[in-house]
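Number of protein chains: 2
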Amino acid sequence: MSNRTYGIIGTGAIGGFYGAKLQKAGHQVSFLLRSDYHHVAENGLIVKSVDGDFTLPEVDAYNDVKKMPNCDVIVVALKATQNHHLPELLPPLINENTVVLLLQNGINVEPEISKFIGENTLISGLCFVCSNKIGQGQIHHIDYGIITLGQYAPNHQATGITEQMSQIARDFESAGIPIELSEDLLLARWKKLVWNIPYNSLSVILNARTDEIMANPDTRRLAEQIMGEVLAGAKSCGRILGDYFIQKMLDHTENMKSYLTSMKLDYDGKRPLEVEAIVGNPLRMARKAGVDLPMISMLYRQLKFLDVRNRLGTGHHS
Amino acid sequence: MSNRTYGIIGTGAIGGFYGAKLQKAGHQVSFLLRSDYHHVAENGLIVKSVDGDFTLPEVDAYNDVKKMPNCDVIVVALKATQNHHLPELLPPLINENTVVLLLQNGINVEPEISKFIGENTLISGLCFVCSNKIGQGQIHHIDYGIITLGQYAPNHQATGITEQMSQIARDFESAGIPIELSEDLLLARWKKLVWNIPYNSLSVILNARTDEIMANPDTRRLAEQIMGEVLAGAKSCGRILGDYFIQKMLDHTENMKSYLTSMKLDYDGKRPLEVEAIVGNPLRMARKAGVDLPMISMLYRQLKFLDVRNRLGTGHHS
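Protein chains in written order, with full-length UniProt numbering: chain A, 1 to 318; chain Z, 1 to 318.
Chain A with its partners taken away, still in its complex shape:
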């Protein structure tokens, strides 16, 4: 096992789960927390997981980045809606060789983040995991867990598989976290959006689980048509996905258990939705390339309306 040290920014459903797995495997891990700081500093982390429950009675918890020790890898596990905190959080943690690992949904979030970390390596991890925070310092890992890693380069140039990606992959795999490596981060992000855009959006707009969306012929067809628009968006960025990939995602979703999407969980928790990262950014990337995505544009505006009203507290639905 390497002696790479990890710092987790955002110890929630994602950061808490993966950070706890790394510490359990023997890595030195520091955790940044906000509201759960006192509880976790005193009681540690509890992970209930399909792969086996475990407890970390002592974790290295912080509520101030300036007090955190040097870490080799900074794992940013905030929701994309919290990225406005990064100009303040990241610079104190960045040294010459620090690698930033961004575990975040959406697309085209890296250019903004790369501004705060200079020439340092930025790797993104696309998590396919069902995990919820169910209480202070308590994570419930319900299913899956694989992370697809890809490295960012300016203008979304494909980097191939770098040594730093491989090192992180080895650490995660030794902690029982399956890893897939992608030579082309932007392609990986578009592929993930083929699922994320239709199901996240429709689950919020229609108050529906994935199985309800698939069981109704109209919404099933709608999901398929939206996927077609995502492929058109990918193509506008020079990333070609065959139509077979749509069928693969539909089959995959039909064979999944019934889930609420991450956006629906945020909606129900009255938290801000990751609309810009997941829906707005792909729209803007395609539009910049001269391609209009009318269905996704409609989802975007419907979601923005619902997001604003949801957080005003007047409630979505009678």
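These aren't lab readings, by the way, just hints derived from the structure by calculation.
Remember, predicted model here, so these are calculated numbers, not experimental data.
Any given hint could be a false lead.
For chains that are exact copies, the list does not tell them apart, and a pair is met inside one copy or across any two.
Below, in silico cross-link-like pairs of lysine-lysine (DSBU-like), each with a Cα-Cα straight-line distance of 35 angstroms or less [as the list claims (entries may be wrong)]:
#, residue 1, residue 2
1, LYS235, LYS48
2, LYS235, LYS288
3, LYS133, LYS79
4, LYS257, LYS270
5, LYS288, LYS248
6, LYS48, LYS133
Guided by the hints, dock chain Z onto chain A, whose structure is given.
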């Protein structure tokens, strides 16, 4: 005043209101009722109206078309979702000179109905009225009331203003109902859809009143974009509406009081939605002409999903 007699098929918010106005003005009016028959036969109709409340203690009520007397004009005021009853309801009422006046939302509903009435005249009336049935034999007329009349001809050929349209217009106007005459029914229907498609659809999908849709910049823009698609649909049928018409509808809606749309009232009452007449038919007309309307297609599928679930009784929203 003419001695034209009227038969009202469907004595609800629309048929009850306009039929009562005609009777009050001195016309012989027969009313067909279903669930309210006994109550109305005994107690008559009560109309609460912004233009002045009135009561008709005695009305000529029927619960069987076969018992109804001959009428010069048969007013079909059922929801479009009830048109499957018309093959049974209409033929017994049709004589050589009977005119059918269809008061119904949507577009392209006439070809099917014309099958049951042979060569008889079919006139459609597009009602711009806020009226609700608030109890057995009780109508609440909240606002507006104007009807746009247009005559149907095969293939939606424009008929110009016919003598039969003018006669009905005179009767309605003498009963205090404002009338506008259209030379081209299909054009009038597309114009009405410019308002009906965005506001009916979004009000159900987003559980929103018209003023909420207009107050939020995203849904306001969305309404505008959907209107653009309706114009493309109209154009595919050879009906050209200038972009100024979109601005007119937006301004008009901003200056309206806050309303729930008819589709939202149906949704909240767990009644079937007029999705096919208002959203499905325009889509299919445009598609037949080779024009795709992706946003309206998405609204259609979202509404069909919500309609089915709504009537299954599992409720739309948590």
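Hints versus structure:
1. LYS235 - LYS48: neither (40 angstroms within a copy, 59 angstroms between copies)
2. LYS235 - LYS288: both (12 angstroms within a copy, 29 angstroms between copies)
3. LYS133 - LYS79: within (13 angstroms within a copy, 48 angstroms between copies)
4. LYS257 - LYS270: both (24 angstroms within a copy, 30 angstroms between copies)
5. LYS288 - LYS248: For LYS288 and LYS248, the Cα distance is within 35 angstroms both inside one copy (28 angstroms) and across copies (31 angstroms).
6. LYS48 - LYS133: For LYS48 and LYS133, only the intra-copy Cα distance (10 angstroms) is at most 35 angstroms; the inter-copy one is 54 angstroms.
Checked against the numbered hints given earlier, the structure breaks only hint 1 and satisfies all the rest.
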